[in-house]
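Each protein sequence line maps, in turn, to chains A and B.
All you need for the numbering used here is the position in the first sequence, starting with 1, plus 7.
All you need for the numbering used here is the position in the second sequence, starting with 1, plus 7.
Do not take every clue at face value.
Footprint (simulated), chain A over chain B, 3 or more residues, beta carbon under 8 Å [unchecked claim]:
1) 34-43
2) 106-114
No farther apart than 30 Å at their CA atoms in a straight line, the calculated lysine-lysine pairs in the DSSO-like style are these [unchecked claim]:
3) Lys163/A <-> Lys33/B
4) Lys34/A <-> Lys109/B
5) Lys92/A <-> Lys143/B
6) Lys215/B <-> Lys216/A
7) Lys143/A <-> Lys109/B
8) Lys163/B <-> Lys128/B
9) Lys34/B <-> Lys109/B
10) Lys109/A <-> Lys149/A
11) Lys215/B <-> Lys215/A
12) Lys143/B <-> Lys128/B
13) Lys149/A <-> Lys215/B
14) Lys215/A <-> Lys128/B
15) Lys109/A <-> Lys92/A
16) Lys92/B <-> Lys109/A
17) Lys89/A <-> Lys163/A
18) Lys128/B <-> Lys128/A
19) Lys34/A <-> Lys57/A
20) Lys216/A <-> Lys163/A
21) Lys128/A <-> Lys57/A
22) Lys109/A <-> Lys109/B
23) Lys216/A <-> Lys143/B
24) Lys57/A <-> Lys12/B
25) Lys33/A <-> Lys128/A
26) Lys215/A <-> Lys216/B
27) Lys128/B <-> Lys216/A
28) Lys12/A <-> Lys33/B
29) Lys12/A <-> Lys34/A
30) Lys92/A <-> Lys12/A
31) Lys109/A <-> Lys216/B
32) Lys216/B <-> Lys12/A
33) Lys109/A <-> Lys163/B
34) Lys92/B <-> Lys215/A
35) Lys216/B <-> Lys143/A
36) Lys57/B <-> Lys216/A
37) Lys12/A <-> Lys215/B
38) Lys57/A <-> Lys12/A
Please keep in mind that the hints were generated in silico from the structure rather than gathered at the bench.
All figures in this text were calculated on a predicted structure; none of them were measured in a lab.
Glycine is no exception: its CB is placed at the ideal position from the N, C-alpha and C atoms.
Number of protein chains: 2
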Amino acid sequence: MKTLKIPEATIIRLSVYSRYLTQLDKKGIVNISSGEIAEGVGGSPAQVRKDLAYFGEFGTRGVGYNVRDLNQHIIRILGLNKGWKVVIVGAGNLGSALTQYKGFRERGFEVVAVFDNDVNKIGLTLNGVPIFPITKLREVVKEQEARIGIIAVPSKYAQDVADHLVESGVKAILNFAPSVISVPENVELRNVDLAVNLEILTFNLALKKNYD
Amino acid sequence: MKTLKIPEATIIRLSVYSRYLTQLDKKGIVNISSGEIAEGVGGSPAQVRKDLAYFGEFGTRGVGYNVRDLNQHIIRILGLNKGWKVVIVGAGNLGSALTQYKGFRERGFEVVAVFDNDVNKIGLTLNGVPIFPITKLREVVKEQEARIGIIAVPSKYAQDVADHLVESGVKAILNFAPSVISVPENVELRNVDLAVNLEILTFNLALKKNYD
Numbered sequence: 008m009k010t011l012k013i014p015e016a017t018i019i020r021l022s023v024y025s026r027y028l029t030q031l032d033k034k035g036i037v038n039i040s041s042g043e044i045a046e047g048v049g050g051s052p053a054q055v056r057k058d059l060a061y062f063g064e065f066g067t068r069g070v071g072y073n074v075r076d077l078n079q080h081i082i083r084i085l086g087l088n089k090g091w092k093v094v095i096v097g098a099g100n101l102g103s104a105l106t107q108y109k110g111f112r113e114r115g116f117e118v119v120a121v122f123d124n125d126v127n128k129i130g131l132t133l134n135g136v137p138i139f140p141i142t143k144l145r146e147v148v149k150e151q152e153a154r155i156g157i158i159a160v161p162s163k164y165a166q167d168v169a170d171h172l173v174e175s176g177v178k179a180i181l182n183f184a185p186s187v188i189s190v191p192e193n194v195e196l197r198n199v200d201l202a203v204n205l206e207i208l209t210f211n212l213a214l215k216k217n218y219d
Numbered sequence: 008m009k010t011l012k013i014p015e016a017t018i019i020r021l022s023v024y025s026r027y028l029t030q031l032d033k034k035g036i037v038n039i040s041s042g043e044i045a046e047g048v049g050g051s052p053a054q055v056r057k058d059l060a061y062f063g064e065f066g067t068r069g070v071g072y073n074v075r076d077l078n079q080h081i082i083r084i085l086g087l088n089k090g091w092k093v094v095i096v097g098a099g100n101l102g103s104a105l106t107q108y109k110g111f112r113e114r115g116f117e118v119v120a121v122f123d124n125d126v127n128k129i130g131l132t133l134n135g136v137p138i139f140p141i142t143k144l145r146e147v148v149k150e151q152e153a154r155i156g157i158i159a160v161p162s163k164y165a166q167d168v169a170d171h172l173v174e175s176g177v178k179a180i181l182n183f184a185p186s187v188i189s190v191p192e193n194v195e196l197r198n199v200d201l202a203v204n205l206e207i208l209t210f211n212l213a214l215k216k217n218y219d
C-alpha cells in the first residue's frame, strides 16, 4: 500500500462505492465500468478512477472492474475484512438508537455491550445487547477484545468517558457528544456533529435562495 | 457571491471554523490569524485562507480577522442567519435523540414537531416538542413554515415519508434511513450514514496496523 496521505473525502467515497458494489453483487452483476460506478453513486468517472488509483491498479481495459473483487479489495482497504467489536457508552436515546442501528452490522461492526450508570437500565438488553454498569467497562472491553468505543453521553461527561475507554484498551473512539475531547496520539478519534449535515443543506438552500 | 462550485469539504470546514469562532467570541477574543484558526481546528493556514477566499476578501494584513465579523460572515454563507424550522418524522430512539439533540439549536435549527403513527406516542411531547400523527404533516409544515424535514423511520418507509415531506412543502431533507431515496430536483437531499464514521476509523487503524 502506498504511504501517501489519502484525503478523507476519498475514504468516504470508497465507503459509498463499496455499498453500491454490494448492492450490485447481490443482484448478480459481475462487471462494471468506472462510468457506471460514477453514475450509480452520483460522481464522475475520473473521480472514481482517481480514488481507486491511490491503492494500486484495478480493472481490465475494455472490461472494467469485477464487482466482487473490487468490492473485496475496497473492504480490505477500509479495514472491514476483519470484524470489529464496538462498545457504546450511554444508553439514552442516542445510545439506544446507535445500538439498534442496522447500518453498523451490515458493514461488519458488532455492538457487543452498552454501558450506563442508570441502575434502572443496567441488566436490561437493547436488541439483545446487554447494558452494563460503567464500572465493568474495562473488564468487558478486554474480554470481548472490543477495539472501538462510541461516546453517547452528555458533553460534560465525554472527556471522562474517553479517558476510561482509552484505559480500557480501545484503539478508536467515535464521539457523538458535541464537545471537544482529547485522546493520546495512538488512539484514533472522530467527532460526529450531526448539525453539520443540516448546515450543508442550508448552505445549498441559501445559494439557490430556495427557501420561501 | 461567486458562482463557482464550492467543494462540500470546504462547507464542512466553514462550519467547523464557525463553531471555533463562536467559542473564541464567547471568551472575548477579538482578532485571530488564519494560522491560529488552523491550529484551533487542526488544519493548515493555507487551507483556511483558501476556504475563505471562495467567498471574497476577509481580514486585514498584519491584524488578521475580526472574530465576530468573520463568524457572522460565515454564518451568512451557511444560510444560518435566518432561523430554520425543522420537522422530524419518526419518534423512535433515533427521532427522539435527534429531537433532543442540543447541537441543532446551538446552530439555529429549531425542531418544531415530531410525527409518528404510534397512537401511544401521539399527543406526548419530547423536550417540549409535540408528537403529531403523520396525517397532520402537511398542516403543521405549512402552519410552522418548516423548510427542513428529517427522516428517522425504518428504511422501508423512507421513500413514502420523503414524498410526503415534499408534498407538504419542505425544501430540504436529511435522511437517516439507510436506503436510497429520490426527491425532485428542487429539493435538497442529504443522506446520513453513521457507519461511514466507523469506516474512517477502521481505515486509519488498518493503515497503522494498530488494532491488536
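Quickly compare the C-alpha distance for Lys143/A and Lys109/B to 30 Å and report which way the hint goes. With Cα atoms ~29 Å apart, Lys143/A and Lys109/B stay inside 30 Å; holds.
With the threshold set at 30 Å, check whether the alpha-carbon distance from Lys33/A to Lys128/A stays at or below it. Not satisfied, since the Cα-Cα distance of roughly 39 Å exceeds 30 Å.
Restraint status (C-alpha distance of Lys92/B to Lys215/A at most 30 Å): Roughly 18 Å between the alpha carbons, so the hint for Lys92/B and Lys215/A holds.
Please work out if Lys163/A and Lys33/B have their alpha carbons no farther apart than 30 Å. Measuring from Cα to Cα gives roughly 18 Å; hence the hint holds.
Just to be careful, I want the Cα atoms of Lys109/A and Lys163/B compared with a cutoff of 30 Å; is the pair within it? The hint holds at about 13 Å.
Please verify whether Lys143/B and Lys128/B have alpha carbons no more than 30 Å apart. holds, 14 Å
Next pair to validate is Lys215/B with Lys215/A; report whether the Cα-Cα distance is within 30 Å. violated, 43 Å
Tell me if the straight-line CA distance from Lys109/A to Lys216/B falls inside 30 Å. holds, 27 Å
Could you grab the alpha-carbon distance between Lys215/A and Lys128/B and see if it respects the 30 Å cut-off? violated, 37 Å
Are the Cα positions of Lys128/B and Lys128/A separated by 30 Å at most? Within the cut-off at roughly 21 Å; holds.
Distance restraint between Lys149/A and Lys215/B, which requires alpha-carbon spacing of 30 Å or less: Between Lys149/A and Lys215/B the Cα gap is close to 21 Å, so the pair holds against 30 Å.
Pair hint Lys216/A and Lys163/A, alpha-carbon separation not exceeding 30 Å: violated, 38 Å
Hint compliance for this structure: hints 1, 4, 5, 6, 11, 14, 17, 20, 21, 25, 26, 27, 28, 29 are not met, and every other hint is.
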